Amino acid sequence: MSKSVFYHAGCPVCVSAEHDIVELIGANNVEIVHFGKDKSRIEEAEKKGVKSVPALVTPTGHVLHINFGASMQDVKG
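By the count of this note's numbering, the sequence shown reaches residue 77 at its end, each step adding exactly one.
In case anyone wonders, no lab produced these hints; they're calculated from the structure. Please note: incorrect hints may appear among the correct ones.
Stated by the list, open to error - Below 25 Å or equal to it, Euclidean Cα-Cα: the simulated SDA-like pairs (lysine to any residue) are:
| # | residue 1 | residue 2 |
| --- | --- | --- |
| 1 | K76 | L24 |
| 2 | K3 | H62 |
| 3 | K3 | I32 |
| 4 | K47 | H34 |
| 5 | K48 | M72 |
| 6 | K47 | H62 |
| 7 | K39 | G10 |
| 8 | K3 | H34 |
| 9 | K37 | G49 |
| 10 | K3 | A70 |
| 11 | K37 | K47 |
| 12 | K3 | L24 |
| 13 | K76 | E46 |
| 14 | K47 | T60 |
| 15 | K47 | I32 |
| 16 | K48 | N28 |
| 17 | K51 | I32 |
| 18 | K48 | F68 |
| 19 | K39 | V5 |
| 20 | K51 | V30 |
| 21 | K47 | A70 |
| 22 | K76 | N28 |
| 23 | K39 | N28 |
| 24 | K76 | E23 |
| 25 | K3 | I66 |
| 26 | K3 | V15 |
| 27 | K48 | H34 |
| 28 | K48 | S4 |
This one's a predicted model, so the numbers in the text were calculated from it and none came from an experiment.
Hey, can you work out the whole structure from these sequences and the hints?
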């Protein structure tokens, strides 16, 4: 089974959601992508359909937008 990918920008909403996601599905089942540390993954997230962060992309490709921390436009700066 592939991992889910959790994209976020490091804001308090995102960090809180990251902790909850890891607690819910387990650290071995999710890849965490922090755009503040790796901006090169922004285009990848957008191609997968991420419109805002925090967002979880499931192994089947569904995008789950969790709360609202920042739009992808905000993340790009």
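Of the numbered hints stated earlier in the document, which are not met by this structure? 1, 22 and 24
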